[in-house]
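Number of protein chains: 2
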Amino acid sequence: MTSARPSIQERLYPQSTCFGCGQANGDGLQLKSYVANDGVVATFVPKDVHSNGMGSLNGGIIATILDCHSGAAVLLDSAGDDDELTDFWVTAGLELRYRLPTFLAHPCELHAHITERTDSSLLVSATLKSEGKVRVQAQSRWARLPQR
Amino acid sequence: MTSARPSIQERLYPQSTCFGCGQANGDGLQLKSYVANDGVVATFVPKDVHSNGMGSLNGGIIATILDCHSGAAVLLDSAGDDDELTDFWVTAGLELRYRLPTFLAHPCELHAHITERTDSSLLVSATLKSEGKVRVQAQSRWARLPQR
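Protein sequences, first through last, are from chains A and B. At position 127 of the first sequence the residue is numbered 127 (our numbering), and the sequence of numbers has no breaks. At position 100 of the second sequence the residue is numbered 100 (our numbering), and the sequence of numbers has no breaks.
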């Protein structure tokens, strides 16, 4: 899943201090997402601290990594050929469906791709798979930040 | 917002190691929720590590605290008069609407209450207020865990 090429976050936004995917936040999750044929992919390895208290991954941590991973699809879409970001987007809406528990002991495979776009918003579909099964599905809507 | 009485989590589930609200998880957020007239309330004070990288609170951390705070409403509903929990619930679905940015520098006031119930599921409505304004709204659906 990893690649010789740096992750999307390292290439496009290395100075970010985001809790979920900021590579400059040493106390955050430091999610790293990579380009795939049909969207973006990432692996997340849960730690004990990320428990829901019942042996599974906390639903909020799942929300965090699926939101940030969807953000990587948006970042990639926004970057020019020279890897320069010309506009910025934020999550306006996030819908999660927790279909099965995600056990702490197994790595999570994330996938995301853009499903719809207008001038002012993007829709992203994302999944979390663990032990070969889709356990959580997410849909997010992203709004373009006004130019500074 | 705090009370002389211990929080719902301390009273009903003190041994929990949940990332968001487990009082036994020293590296988690340790959210504490309290009974109010019209539901449950909590205060969350963001730290720099919880940034979205742009000066606001990370959307996944917001998801975590609203999910766990909604869980406090569910815990309270499930507890008998003797504070014994007879059944357990998990989040099956979570929908978040991020209306305004939640700046890191200000405490967040959370509110949640149950809006609908059947034998097998509960619906909970929750809000995050900061600087006097509702910034995020959440709806969650909770499913009853099969008896062990």
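No wet-lab data here; the hints were simulated from the structure. Hints may contain errors.
Cut-off 27 Å, straight-line C-alpha distance, at most; resulting in silico cross-link-like pairs (DSSO-like, lysine-lysine) [said to hold, decoys possible]:
hint, chain 1, residue 1, chain 2, residue 2
1, A, Lys32, B, Lys47
2, A, Lys129, A, Lys47
3, A, Lys47, B, Lys129
4, A, Lys133, A, Lys47
5, A, Lys47, B, Lys47
One side only, chain A facing chain B, incomplete, derived with CB under 7 Å [stated by the list, open to error]:
hint, residue
6, Gln23
7, Gly55
8, Ser125
Bear in mind the structure is a predicted one, so any value in this text is a computation, not a measurement. Cβ atoms here follow ideal geometry from the backbone N, Cα and C, with glycine treated the same way.
Going down the list of hints, with the structure as the test:
1. Lys32/A - Lys47/B: holds, 23 Å
2. Lys129/A - Lys47/A: holds, 17 Å
3. Lys47/A - Lys129/B: Measuring from Cα to Cα gives roughly 30 Å; hence the hint is violated.
4. Lys133/A - Lys47/A: Status holds; Cα separation ~20 Å.
5. Lys47/A - Lys47/B: This hinted pair holds, its Cα atoms lying about 20 Å apart.
6. Gln23: Since chain B brings no Cβ nearer than about 10 Å to Gln23/A, farther than 7 Å, the hint is violated.
7. Gly55: Violated, because the Cβ-Cβ distance from Gly55/A to chain B comes to roughly 9 Å (cut-off 7 Å).
8. Ser125: Since the shortest Cβ distance to chain B is 15 Å, the answer is violated.
In terms of the numbered hints stated before, the structure departs from hints 3, 6, 7 and 8, listed from lowest to highest.
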